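J.: These protein sequence lines are chains L and A, in that order.
Reminder that position 39 of the first sequence reads as 80 in the numbering used here, one-by-one numbering, no gaps.
Reminder that position 54 of the second sequence reads as 68 in the numbering used here, one-by-one numbering, no gaps.
It is worth saying that the hints were derived from the structure and are not from the lab.
Hints may contain errors.
Taking lysine to aspartate or glutamate and the EDC-like style, the derived pairs with C-alpha atoms no more than 16 Å apart in a straight line are [stated by the list, open to error]:
#1 A:Lys59 <-> L:Glu130
#2 L:Lys106 <-> A:Glu119
#3 A:Lys59 <-> A:Asp96
#4 L:Lys54 <-> L:Asp103
#5 A:Lys59 <-> A:Glu69
#6 A:Lys53 <-> A:Asp96
Predicted, not measured: the structure shown is a model, and the values here were computed from it.
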Amino acid sequence: EVQLLESGGGLVKPGGSLRLSCAASGLSFRSFAMTWVRQAPGKGLEWVSVISGSADSTYYADSVKGRFTASRDNSKNTLYLQMNGLSVEDTAVYYCAKGLSVAAWAPGDYLANWGQGTLVTVSS
Amino acid sequence: DIQLTQSPSSLSASVGDRVTITCRARQSISSHLNWYQQKPGKVPKVLIYKSSNLESGVPSRFSGSGSGTDFTLTINSLQPEDFATYYCQQSYTTPRTFGGGTKVEVK
């Protein structure tokens, strides 16, 4: 059974940084692209980033480009999201999710497995 | 970026009703459209992928259709466990945008 467990959320001041982690089990981690999706309180889903299985390609939403960096350590079955220059608009539950493809750009892919999410609160 | 517009943003329905939710893309996305269901306090769950393919384990009362720019999610004979928020997502290109969501509430 695929399990994804996020950690690293918490309270951070505007302008601060945070690194989220997503530990994966029950899968051949390097065989799948991994995605970050966030959801602000009471709001809809927002796609944040995707990284390929081999970490050779990454893509970001315009709202986080240049501030967030996705990475992964396939030897540890762990996905990361480094978040810098945080603002109150980044307050959200952050989910990691797994698709079916190893490629980050594969058309037709979908998010079959999701973690439980970790809450990031940006406030002074 | 490809913008997805869902309608309606919310609807009220009764158990047994047939419910239809629409998702419109600003440009053609072929059949690369997925539907997710999210219940309050829960993680999103995929229902339909590539416009019309039912994910394993999802009840057959859920169906999807469409291609190009216009897509539909239909729930036949709404059940109590179906009251939730539904999101479409395009997987044609990155960024993989989501629609704004449709909340299905009890009438």
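J.: Is Lys59 of chain A close enough to Asp96 of chain A, meaning Cα to Cα at most 16 Å?
T.: holds, 12 Å
J.: Regarding the pair Lys59 of chain A and Glu69 of chain A, is the alpha-carbon distance no greater than 16 Å?
T.: holds, 10 Å
J.: Holds or violated: Lys53 of chain A with Asp96 of chain A, Cα cutoff 16 Å?
T.: Given that 16 Å is the threshold and the Cα spacing comes to 8 Å, the pair holds.
J.: Is Lys59 of chain A within 16 Å of Glu130 of chain L, Cα to Cα?
T.: violated, 25 Å
J.: Given the proposed pairing of Lys54 of chain L with Asp103 of chain L, does the C-alpha separation stay at or below 16 Å?
T.: Status violated; Cα separation ~22 Å.
J.: Can the restraint linking Lys106 of chain L and Glu119 of chain A be considered satisfied, given a maximum Cα separation of 16 Å?
T.: violated, 36 Å
Hint violations for this structure: numbers 1, 2, 4, all remaining hints satisfied.
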